[in-house]
Amino acid sequence: MRLRLAVAASLLAGAAASFVSQAPASWLGLVSTPDWQEIAWPFGRDGWPTGRAFRCTSLACGGTLDVYVRPKIGLCNCATGVSGDAEVDAVSDVDLISDDFVPLADGQVITIAGMTGRMRAYTQRLPGGHTQRSAGLVLAHRCDLVAAASQGAAAGTAQAASAITLLLQRADVMGWMLAQMGKT
Amino acid sequence: MRSTLPLLALTASLAMMATITAHAAPKIGDPPEASNMRLVGSSDLQGRSAYQPTIFHQGNRYIAYIGHHGGTDDIHEPLNPITGKKEPNGTSIVDVTDPAHPKYLTHIPGQPGTYEGGGAQMVRICDGKLLPKGDKTAIYMLRAEGSEAHEIWNVADPEHPVLITRLTGLKDTHKNFWECDTGIAYLVSGNPDWRIRRMTQVYDLSDPAHPVKIRDFGLPGQEPGSTGVVPTELHGGISTGVKGNRVYFGYGTNKGGLLQIVDRDKLLHGPTEPTPENLRYPEISRMYLSSMNGAHTTFPILHMPIAEFRNDKEGSFRDIVVIVDESLVNECNEARQMVWIADITVETRPMGIASYTVPEASGDFCSRGGRFGSHSSSESMDPVYYGKLVFITFFNAGVRALDIRDPYHPKEVGYFIPSITANTDKRCVTMDGKEVCKTAIQSNNVEFDDRGYVYVVDRANTGLSILELTGEARAAAGLK
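So the protein lines, in turn, are chains A and B.
Residues 1 to 184 in our numbering are what the first sequence lists, from first letter to last.
Residues 185 to 664 in our numbering are what the second sequence lists, from first letter to last.
Rather than coming from a laboratory, the hints here were simulated on the basis of the structure.
A portion of the hints provided could be inaccurate.
What the hints assert, rightly or not - Sample of chain B residues facing chain A (criterion: CB under 8 angstroms; computed from the structure):
no.	residue
1	299
2	301
3	379
4	380
5	412
6	413
7	414
8	439
9	440
10	476
11	512
12	518
13	615
Each residue gets a CB set at the ideal place from its N, CA and C atoms; glycine is no exception.
Given the sequences, and given the hints that come with them, work out the whole structure.
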């Protein structure tokens, strides 16, 4: 058991180091610590297992930011990983929030915990006509991927990306994702 | 004497346990598992991972053309003993005139690469005598070349194929369907501008030397410049040609599947600019599957007489589509992928009427290794089996003969699970952080010829098995 914990801690430390070495410096300038709290998964059943949902309301997240994350097993191209923005549009789960979304710009390459993928920001129209910002994030892990969608005033910004990175690197969240993908 | 009975009971119990253990872990040397299907002959296909077999009655010979996936991590380019060279997986051409002694004729190398990143998965054959502008002496083979191109070869001399045409600039090329009497082809590939990996590219290949593109086609939301939710990508389509005037498209693999029924004439002659309106124009209807299932194959069986309905004033003949999901993940780490039967007699209201899966417990298939679940169906419309039996591959559960004469109550009447060989590749899952690998059959695609022989090929490099029906399966087909 101790050995497994040590291995897990080592993996997480390596993952964090990997992120720090590749994340834009601006992301690391957090004004406070994100106060992520787990909330209920708000979406109905679809083809993938239910994921986990989190809410941050601190300044570090640029105001209220909701994140929905889940691994998707067997969806990724094993050889090429996340191929482009079209894949973020299709599999990041941003369509769970609303079918109607328009990208604000091309996505960016992002690496978290040794997994590389893309993140893209959108303007999303909700039922009733209200619009908001959202973002989709897809990270490749061999033939599997991690999908995350976020919504909130700062969604898709570097500040939100930093906060989400810290969330996904959290030991309990990372452990859960790896377990879902059969990696622990 | 009495004292031997418990010993016999113990022996019988141990034998049963041994059988169960054999289910969980196939070994080289184990016999095939079979019911009402018998092995006639086999070919190792040079140890290449196989996808589509197409059998063509060519003169006085029967030739099997077999598409391959790319190589494996362990063996990128298997040895071709005929040339003495290592070659990237492409197309195997095998003379199966004598099914008991198939003769490997030649291998056409494909795109270098592993798994779906290489090879030449799909293959269809058209006789030049049928194609409107074809060379009457030619036999044409259309194949997807790896993930980047479609090619047409002249295989009139199957030992010496000649490349005629190569369509390039594509991505994720996969299946195809070719109407031999018109030359219209529905190619599955990706246009780099579209938002999905795979969609339909319609070509006029009536003159194989001079392909003419007709249009790109997909679901609204997949076209360039669209925004919002991205509909599920295409897997393949089957056309009923000019007479039937329908194309049945299957979208999805193991998720978000749907059947789309399309008016062929409107597809070919409607406005081609990929706008949402133009993409909707040829569509007659859709039938959505559960989000947990995809649609690899959508095989139409039209105007079927239904015995139970024979005295009904209406609806005694029904149009049916067999929808086959594709299992994608090893050892049941996904929802069950299986077979769904849709009644599309009223095309605008397709309705699911039945389903079929191999019982998992019948072979402990979730723990055997590799994928368990359906992959594809036979697609031949030859009367030897059309409307009577459909053959379904189920990966580690082999091939299944499904009696669909009453499509409301499909019934398995035979199966065959080939033996693994030294060529059979391993399949791995990660459990508790460790990679656990097993070796099991992965029956991938299946087809039959007009003599009734069934050809099943293996994704895990085991090769080709040629089968014949016996017993109840043979009776269901009306064969003597």
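Check each numbered hint from earlier against the structure, then list the numbers of those it violates in ascending order.
Failing hints: none at all.
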